[in-house]
Structures are given as structure tokens and as C-alpha cells.
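If you're matching them up, the sequences are chains A and B in order. My numbering numbers the first residue of the first sequence as 1 and each following residue consecutively. My numbering numbers the first residue of the second sequence as 1001 and each following residue consecutively.
Source of the hints: derived by calculation from the structure; they are not laboratory data. As the structure is a computational prediction, the values presented were derived from the model and not from experiment. Hints may be right or wrong, so weigh each one.
Unchecked claim - In silico BS3-like cross-links for lysine-lysine, where the CA-CA straight-line distance does not exceed 30 Å:
#1 A/Lys112 / B/Lys1010
#2 A/Lys15 / B/Lys1392
#3 B/Lys1392 / A/Lys31
#4 A/Lys88 / B/Lys1006
Stated by the list, open to error - These stretches of chain B come out as covered by chain A in the derived footprint (C-beta under 8 Å, 3 or more residues):
#5 1002-1010
#6 1216-1229
What the hints assert, rightly or not - Some chain A residues near chain B, calculated using beta-carbon distances under 10 Å:
#7 Phe11
#8 Lys12
#9 Arg65
#10 Ala70
#11 Arg93
#12 Gly97
#13 Phe98
#14 Gly101
#15 Arg108
#16 Lys112
#17 Glu113
#18 Phe118
#19 Lys120
#20 Gly182
#21 Ile185
#22 Gln189
Glycine included, each C-beta is placed from N, C-alpha and C at the ideal position.
Listed below, chain by chain, are the residues.
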Amino acid sequence: MIEVAGLKKRFKLTKDHKKNKVDDIDPREDKDYFHSVRDVSFRCAEGEVLGLLGPNGAGKTTTLRMISTALKPDEGSITIAGNDIVKKPLLGRKSIGFLSGSTGLYGRLTVKENIEYFAKLHGMKKSDIASRCDELFTLLDMHKFIDKRAENLSTGMKQKANIARAVVHRPAVVVLDEPTTGLDIMTTQTVIEFIKGLKAQGTPVIFSTHHLDEVALLCDRVAVINEGISCFDGTVEAFKQAGNSEELNQAFMNILTEKHNV
Amino acid sequence: MFEVYKKELKELLRDKKTLMFVVLLPVLIFPVIFAIVAFIGTQAALDADQKVNTYVIINGEYAQEFTDKVFYHKSFELYKGSKTFNTIEELKAGVTAGDIDMGIYLPSNAVKTLDNGEQSKWQVVFNDAKSINFLFDRVKELAQEYSDVLQAEKLKSFGIEESAHKSILNPIEVVKVDTADKRENLGEKIGAYLPYLLIPLVLMGATYPAIDLGAGEKERGTLETLLLTPITRTELVLGKFITLLTTSIASTTITVVSMGCWVAVALAFADLDFIKTAFSTLAVTDLLMIFVLLLPLAAIFSSLALAISIYARTFKEAQNYMAPLSMGVFFPIIISIMPNMELTAKTAFIPVTNVALAIKDIIKGTVDYTFVGLIFLATVLIAGALLAFCVKWFNREDVLFR
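Pulled out of the complex, with its shape left as it was, chain A reads as follows (with noise of 0.2 Å):
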């Protein structure tokens, strides 16, 4: 179980940002500081996927990295499994495997040297990567294109390959931010397999989208983000009932509206 609560993080305005500031209409920025995400909670529970949505700009990534450890929040807190990772940074990156659609692999090294790289930085043991290689390589099919180097490989490969080196130290959530955003049909099919075999597993997974096709496919739970707040978290079915909608993205389009005009 990953629980998010009360998280905010800003960000200091340089002085080319202040300087080319067209207008003071965002609420989210003052005199010094632009403040990314205000208040944003949720949980994803064992088995669950959680789809976060938002507008662009909203403040999803900002979350993501928060609860990855690559940023630190100003205030809240991330619990997993009980332990404040927000406190225990290093406990946090070993039980979360983090993928982003900008994430990328080692060029020249081969994708079995890359995989193997991050497990052996996850302090995972020899025997155990050899087998844990295999099982990955298995289960993505990439047996054909493992001994390539990343630059040389297709946008597809280059995704499952993201995928494994994501998930080789086994997990306990799954962190992917807009996963499936530049992929082909193929390959986001592998993506959604993918996920729902974690489910199948019990990994908790918490993915960002702008595709409500894939949150209807996916996910058990749904947590709107707008202007760096939390506008909604409950179930699939919640959010069409507070949405007014059995349509995703009406009932998307609604929560935002309402939130917004109040």
C-alpha cells in the first residue's frame, strides 16, 4: 500500500521567469515562488492501479517525482508498507520502480548491460540478476535484442527495455508517468500487459495519462490533480458518479469544471 498525503512542493522563479512573466492570472505563483503542487493525496492499495490525471501543467509529474525520491517535498508525507520515504529516501528507491516516457537508456551499453547495471546499483546479487534477466527478457520478449545497444534500437525495444530496467529489482509500487505517450499500438499494448501483470502480481501501480481508454482498461482507482490540488480520489465508479458521467471524459471534463468554478 503507497499513501500520499498533504504533499506541496514549490519552486524558486529565476529571474528570466520573473522577468518574462506575461501576466499574475496563475494562482499558483507569487512573488518568489511557483507552487507546483498545493495539496495532493491519495493511496493505491496491494492490487490496485491507480490512473492520475490532470490538465497539463497540473502538477502530475511534480507528484511522481515526489514520490519516486528524485524530488523532496516541502510538506506531507509518502508512506510504503508504514515507512515515511519522504524521511528514508534510500528505503524508497529500493521498493519503487519509476518510468517516464523522457527516461532513458545508456546508449552504448548494451540493453542486457543496462538492466544489469541498475540491479547491480540495487545491490541485487549475481545469480539473482542472471535469473531475474531472463525471466524479464522472457516475459517482454526481448531475447532478440538484448546483446544490441540501446542507441540502435527502435522506439518500441527502446520501451520494453525501459520497462525491464524499471521493474528488475522487484518492486513493491510501480511509478509510471505517461508511460504509453509517442508509442506505437504495439507497443502500448506491451505497456498495458504489463501493467496488468504487476496487477495480477499485487504491485500497487500509480500511473499518470491524458488516454481515458487506458484508465477504463486498467485502473481500479482514479486521483484528479488540477493546479497542483487534489480535485478527486476514490474508485472508477466514484468518479463517474462525482463526474456525473458514465463517459470518462465527461466525467473528467465535469469534476475539473466544477472543481474550478468553485
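Once you've looked at the hints, dock chain B against the given chain A.
Below, chain B alone, put in the same frame as chain A:
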């Protein structure tokens, strides 16, 4: 930390650009550049030496002996054109227009002027802006020969014996008794310039790979994944730092070995006794000492380059930031060759300058080992402080996620 080091090294060794900067450039390009520069320099000097210059002497009859000497000199040829030259202004115009290479203006009869107890001032008109120009020296030499003849004749007319001329004209002769041996002389000449080669190479060996290890990781999106692994930032920085230290030292070692090989090759084909003697006086311990002094310097450059690289958002931005660093390294080397700059307890604490001065003293064979110890200590302290800064830098979100 060791895993990061191993992986970084493996990746760098597979990068053609890095191999070019760290291995190929020191092995091939520098000796090639030196050979080209030496060839062009020698050729230019040879051309200048062999060139025959056209000339005009106004009032040449005032010093016929000198005029004849110029006429028969292999480097000069009398102007045979249609233009006439009677004044200094006409000579200047002739040189500027390219009609003649040189004009000599004799204002009066030199013998008569001497008889009047006055000095005859001759003017040589030529273009002195050319890179190598032997014109003036050659004319001066011929004029001096003529002047010596006049001088001797005049003294003889006073009844002074030829044997006494020398003592009268030059009653005091200052003779140099040099206590410096060949090695010290060579050290002063070569030792001052060796840091110009070695220190920038140490820097170059660190900067290019550093760009790949910092900004390159950011640009490729691998830094974020690396930050999410359970290794501490200190381990991460140390792994990257040691990689840069390795490439920096490797680049320097390859350069020195390559230079040594090229010197050996040159000595095998040419009779360069002076260089042979000078190099034979250098002990292996001297070279080791230079190497040891370059180690903490490489650590300083590696830390700086890594800190700059991780701050940059992109590869290109990092390259832009590295340029001032290179300039900043040359400045203290220039200080080390300024007059009266010596290795003292004070200069031993000026980064880069201290190592440059110590290298010079090591080559000269006059190094004070206390200062070497001081330099090593000071450089290690600075390197340590910069490394600590680097670790702190790697912990800042506003640096990593700019």
C-alpha cells in the same frame, strides 16, 4: 561507486569522440601539429634567408667600400628599374609600392664627417612588419664592417698601434661565467613552456568526458533513473569523479609517452646532441614527481568540470561553460612565466601556477622538495574542497532539475 566507475569507463571507451579527445589527439595530432609548425617555421626562415632583395643606395659614393660590399652580397640586387630615387620620401614610396625592398640613404661622406669629429647617421628604409626579416641585420653587419675599417684607420692616423686598438675601444670586457649547467639552462627554456602543454591536456582529458557524464546524462534522460537507485549522491559523484580523473591522467600519460617516443624518433634520425644530453640528465624520479603533481591538479579539473557539466541543461550549454574554464586555466600558467616568478612559500599556494613553477624547477633540477610537498598539500586540499562542493551540487534539486 565502483559500479558507476566501471560503467562510465565502459561507455566512454565505446565513444569514438571521447577516444579521439583522450587517446588519438594526444598520440597523433600534437606531434603532427608540432611537426607542421616546425616545418612551416623553418621553411619561412629558409625563404627569408634565400630571398634576394632589390635595393637603392642614395649617395653611395660617400662610402664606396660599403656600397661595393652591398653590391656583391648574395642577398642584395641593385634596382635596375626606370625610377629614380633622390630623397628619403622617394625611398619610402618605392618600398611601399614594392619597386624596391630596401633603400639606404647616406647623408654625407662618412670619412669627412669623422674628420670633423661627428657621427654619420645612415637611414635604412624597409618594411619591418614582415614576420621574418633579415634585411636590417645584414645591412647593419656590412655597415659595421665599414665602420670598423674607418675606426681602425682613424686610430692609426693618431699613431696608435693596431694592437692597442682593442683596449682603447673597449677598455672593459664583461665576461659571463655561468654556473648553470646544461640541464638548468634547458629547464629555464623548455621547463617554462612544458606546463603549457601538460596542464591544458590534463584539463582537456577531464572536460570532454565530463560533459558526457553530467549534461549528457541529463539530455539523454538517464540522470533521473540513476538518481532513483539506492546509491548515495556521494557514491554517484565519486564514481563519476574517478572516471574523469582516470581519463584526465590517461590523456596526460599518453601525451607524455607519445612526446617521449617522438623525441626518441627525432633523435634517432637527427644529430641533436644538446637535446640528447639535456634529456639524459632527467631522471625517472623527476618525471614521476611531475606526474604526482599533476594528479591533484587533475582532481581539481575533474571536480570543476563535473560541477559545471551537471549544472548545464544540455551538452551544448556545458560546452559553452567549459570555454571560460579553459581560459581560466591558461591565466595562472601565464603568470608562472612572468619575470621574477619563482617557487616560494607564497606562490606554492597559487593553484595551477604553483604546479607550473614546480615543473619548471624539476626540469631545471633546482626544485626545493619542501615546496613540492606544500604544493601537493595545497592542491589536494583545493581538490577535496571542490569535490565536496560537487557532492553538494549533486544534492541540489535546482541544479539537477533546472
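Status of each hint after checking the structure:
1. A/Lys112 / B/Lys1010: Between A/Lys112 and B/Lys1010 the Cα gap is close to 14 Å, so the pair holds against 30 Å.
2. A/Lys15 / B/Lys1392: holds, 23 Å
3. B/Lys1392 / A/Lys31: The given pair, whose Cα atoms are some 27 Å apart, holds under the 30 Å limit.
4. A/Lys88 / B/Lys1006: Given that 30 Å is the threshold and the Cα spacing comes to 28 Å, the pair holds.
5. 1002-1010: n = 4 at 8 Å, threshold three: holds.
6. 1216-1229: Since 9 is at least three, the answer is holds.
7. Phe11: It holds, given that the least Cβ distance between A/Phe11 and chain B is near 8 Å, below 10 Å.
8. Lys12: holds, 7 Å
9. Arg65: holds, 8 Å
10. Ala70: holds, 5 Å
11. Arg93: holds, 4 Å
12. Gly97: Holds. Min distance 9 Å.
13. Phe98: holds, 5 Å
14. Gly101: Interface hint status for A/Gly101: holds (9 Å vs cutoff 10 Å).
15. Arg108: For A/Arg108, the interface hint holds, since the closest Cβ of chain B sits about 4 Å away, which is under 10 Å.
16. Lys112: Interface hint status for A/Lys112: violated (13 Å vs cutoff 10 Å).
17. Glu113: Where the cut-off is 10 Å and the nearest Cβ of chain B is about 8 Å from A/Glu113, the hint holds.
18. Phe118: holds, 6 Å
19. Lys120: holds, 5 Å
20. Gly182: With a minimum Cβ separation of about 13 Å from chain B (threshold 10 Å), the hint on A/Gly182 is violated.
21. Ile185: violated, 23 Å
22. Gln189: violated, 23 Å
Violated hints for the displayed structure, listed by number in ascending order: 16, 20, 21 and 22.
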